[in-house]
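Chemist: Sequence:
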Amino acid sequence: MIKNGFAAGFTLALYFAANLAFASASQSSIDQVMALSGLTEQVKQYPEQIKVGFQQAKQQGTAISDTEFQALIDSVDQYISPTSIHDQIRNSLQKSLSEEEALHLLEWYRSPLGKEITQAEELASDPNEQTKVMELAAELIKDNERAALAKRLDRLVGATDMTMGIYEYSSIAVFSALTTAMNPSAPLNIAPLRAQMSANAAQTRSQIEQLITVSYIHTYKHIDLAKMKKYEAFLAEPTTTKLNRTVTTSMKQALETSISNWAESLAHIFKEKSK
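Residue numbers (the numbering used here): 1 to 275.
To be clear, the hints were calculated from the coordinates, so they are not data collected in a lab. Virtual Cβ for every residue (Gly too), placed ideally from N, Cα, C. Please note that a few of the clues may not be correct.
The calculated DSS-like cross-link candidates involving lysine-lysine, where the alpha carbons are at most 27 Å apart (straight line), are [to be verified]: (1) Lys142 <-> Lys230; (2) Lys151 <-> Lys229; (3) Lys115 <-> Lys230; (4) Lys151 <-> Lys58; (5) Lys242 <-> Lys227; (6) Lys115 <-> Lys221.
Cβ pair distances, simulated, as ranges [said to hold, decoys possible]: (7) Asp66 <-> Glu129: 29 to 35 Å; (8) Thr118 <-> Ala186: 45 to 51 Å; (9) Ser26 <-> Leu113: 20 to 26 Å; (10) Ala226 <-> Leu123: 17 to 23 Å; (11) Asn183 <-> Glu129: 35 to 41 Å; (12) Asn128 <-> Glu107: 31 to 37 Å.
Make a model of the complete structure from these sequences and hints.
Modeler: And the structure:
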C-alpha cells in the first residue's frame, strides 16, 4: 500500500510538474516580471521621450506656432497610451513564456543580486545620472574589462536593437506630427525620412551602441565583476533570452501600432483646426 501510494503520489507530482511547465504564464506572474525587471516603468516613460523630441525640434527652429505645439504635446498623452503598449507586451509574454519560466524569472528578480541589479538600473535612470554618463564617457570607456562586459550584456539584452527601434519610431512620430501640424491638408510622405534614416543607420547604430556601453559601465560600476558575471550568466539562460527577444519584438510592434493610430488622429485634428 505504501509503495503503491508513493507511486501514485509521484505520478501525480509529475503530472502537475508537466502541466506547470507547459501552461501559459498567468497575467499576475507576467505583470510581476514586467514590474520587477523595470519594463513597466520603461514603457511609462515612452510618451515623455516623444515630447522631448518635439521640444528639441521646436528649439531648432521648426516653424510651428505655440498653439499647434501645445496641441501636439496634448495629443501624445491622448493617443500614445503606455497602458496599451504594456498590454500588448504582456500578451506576447503570456503566449511565449510558461508559468514555470515566469516563476524562474521572478526568483531571480527577487534574489539579493537581482534586487541589487534592478536598484542600480533605477538609480541610473535619473536624468542627473544620465548627464553624468555623457560627461564621463571618455573616462568610462577606458575600463576595458567593464566595456567588454557591457558590450556582451548589450548583445544578450538586445539593448541596441530596442533603442534603434524606439529611435526610428520616435523620429517618424515627431516628423509625422510636425508635418501634419504645418500642412494638415497635404498627404503625409515619410519616404524621404525613411531613406535618410536608412542611409545613416550604420552611424546611428554605432553611436547608440557606444552610448549603451558607457551607460552600462556607469550603471553597474559599484557592483563587483564576480556578481556581474552571474548576471551575465542569467541573461544567457534560454528563458531570459526568450524574455528579451519577445519584449524587443512586441515593443516594436506596439509602438508601430500606437504611432500609426496617432498619426491618423493627428491628421483629423489639424484638418479640423484649419477649417
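Chemist: For each hint given before, does the structure comply? Return the numbers of the non-compliant ones in rising order.
Modeler: 4
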